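J.: Two chains, two separate frames, one set of hints: put the complex together.
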Amino acid sequence: DVKVTQSSRYLVKRTGEKVFLECVQDMDHENMFWYRQDPGLGLRLIYFSYDVKMKEKGDIPEGYSVSREKKERFSLILESASTNQTSMYLCASSELGAGGMPYEQYFGPGTRLTVT
Amino acid sequence: KQEVTQIPAALSVPEGENLVLNCSFTDSAIYNLQWFRQDPGKGLTSLLLIQSSQREQTSGRLNASLDKSSGRSTLYIAASQPGDSATYLCAVTGVTGGFKTIFGAGTRLFVKA
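For the record, the sequence lines run as chains R and D. Under the numbering used here, the very last position in the first sequence is 116; numbers go up by exactly one each time. Under the numbering used here, the very last position in the second sequence is 113; numbers go up by exactly one each time.
It is worth saying that the hints were derived from the structure and are not from the lab. Heads up, a few of these hints could be off.
Claimed, not checked - Below, simulated PhoX-like cross-link-like pairs (lysine-lysine); rule was C-alpha separation at most 20 Å, straight line:
#, chain 1, residue 1, chain 2, residue 2
1, D, K100, R, K55
2, D, K42, R, K3
3, R, K57, D, K100
4, R, K57, D, K1
5, D, K100, R, K53
6, R, K57, R, K70
7, R, K70, R, K3
To be verified - Label-pair ranges, simulated between beta-carbon atoms:
#, chain 1, residue 1, chain 2, residue 2, range
8, D, A10, R, T5, 28 to 34 Å
9, D, T96, R, L41, 21 to 27 Å
10, R, A98, D, T58, 41 to 47 Å
11, D, R61, R, S80, 43 to 49 Å
12, R, A98, D, A113, 42 to 48 Å
13, D, I7, R, I77, 34 to 40 Å
Computed from a predicted model, the values in this text were never measured in an experiment. The beta carbon of each residue, even a glycine, is placed where N, CA and C say it ideally should be.
Just chain D, with the same shape it has in the complex (with noise of 0.2 Å):
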C-alpha cells in the first residue's frame, strides 16, 4: 500500500530565502507525481505535475524534481516571498490500484516579511 510522508510538517524562514520541501512515497510504481498549495479554508491549486518518466518540472520559481527508484521528490522554491505562506501537499498516483491518488499530509510554510 502506498504511503507518502512529507518532511518538515512545518517551516518558517525569512523572506528572500531558497529552500526545498522533501516528499517520499514508498511504491516506486507510480503513474505521476503532483505539488499543490492550499491556503487556509480553500481548495488546493495545482503547482506542478511530472510523469514518471520525467526527472524535473519548472514553473517561476518552483521547481519539482523526482527520483522514482529511491521514492522522492522535492519542491524547490526560490527566493520566497511571504505569499509563498500555505499548506503544500504531493500526492502521487500510481501504476497498481486503479485510480487512486494517495496524498502526503503536507508541509506548512511561512514566510517572514
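Just chain R, with the same shape it has in the complex (with noise of 0.2 Å):
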C-alpha cells in the first residue's frame, strides 16, 4: 500500500514564524503535490514537483516556498506565516504517467495549521 505521511497532524505557530510541513511518500512516486483545503473553496494546489530539485508552481503560490531534495520528501515552507495561512495542508504524490501526466493521487492524513 502506498503511504504517504506529514510531520504534524495539528500546528499552532504564530504570526510571522516560519514553517515547514513535512511530507514524506514510500512508494518511490515522480510526483508530490502541496494542496490547500479551506470551507467552500476546495482543495487548491500551492506548487508541485515532478522530479528531484524540480517544482511548479501552483494556482496559490504566494507566501509559500517549497524544498525537494531527496525524491520521498517534500516540504512546503511559510516563510512568514499570516493569519490567512490558517488551513487543512494536504500532500499527496503520484506516479508519472504517460506523457508526463499525474497517474493516481495518493494523499497524507493532512496537517491542520493555526496561525494566531
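T.: Put into C-alpha cells, the structure is as follows:
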C-alpha cells in the first residue's frame, strides 16, 4: 500500500514565524503535491514537483515555497506565517504517467495549521 | 479553464439504498478522473481512477462511469451503509494546463441506520 505521511496532524504557530511542513512517501513516486483545503474554496494546488529539485507553481503559490532534495520528501515552507494561511494542508504523491501526467494521487492525513 | 461541479452538495439516505453521486466538468480534454472519499478532519482516500480511454471502473460496491463527450461522471454506491457517510470528491486532471488537477467541492453523504 502507498503510504504518504505528514510530519504533524495539528500545528499552532504565531504570525511571522517560519513554518515547515514535511511530507514523505514510500512508493518511489516521481510527482508530489501540496494543496490547501478551505471551507467553501475546496482544494487548491500550492506547488507540485515532478522530480528532485524540480518544482512548479500551482494556483496559489504566494507566501509559500517548497523544497525537494530527496525523491521521497517534499517540504512546504511558509516564509512568514500569516493568519490567512490558517488552513488544512494536504500532501499527495503519484507516479508519472504517460506524457508526464500524474497517475492516481495518494494523499497524506493532512496538517491542520492555525496561525495566531 | 476547467471547472468541476458536484451535485448534490449534500445527500441523506436510509441504509440499504442505492445512490448516485454526480460530477460534471467543462473541458472534455482530460487525462483521468479520480473519485475520493474524505472523512471529517482527515485526508483523502482514493476510491477509483478512470483513465480517459475507459468508460467505467468498479471496486466492491462502488462503480464509477465516465462520459467524456458530455463532461460527466457518476459514482454509484450500492446497498449503502452508515460507514459510507463521508464527503465524496471528484477530481479531473486535464491534458492542457500542465499537471494540475481540479477538484469538485464534494458531496456530503449521510447514511442513516
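J.: Evaluate each hint against the coordinates.
T.: Taking the hints in turn, this is what the structure says about them:
no.: 1; hint: K100/D - K55/R; result: holds, 13 Å
no.: 2; hint: K42/D - K3/R; result: holds, 14 Å
no.: 3; hint: K57/R - K100/D; result: holds, 10 Å
no.: 4; hint: K57/R - K1/D; result: holds, 17 Å
no.: 5; hint: K100/D - K53/R; result: holds, 19 Å
no.: 6; hint: K57/R - K70/R; result: holds, 19 Å
no.: 7; hint: K70/R - K3/R; result: holds, 16 Å
no.: 8; hint: A10/D - T5/R: 28 to 34 Å; result: holds, 31 Å
no.: 9; hint: T96/D - L41/R: 21 to 27 Å; result: holds, 23 Å
no.: 10; hint: A98/R - T58/D: 41 to 47 Å; result: violated, 23 Å
no.: 11; hint: R61/D - S80/R: 43 to 49 Å; result: holds, 47 Å
no.: 12; hint: A98/R - A113/D: 42 to 48 Å; result: holds, 44 Å
no.: 13; hint: I7/D - I77/R: 34 to 40 Å; result: holds, 37 Å
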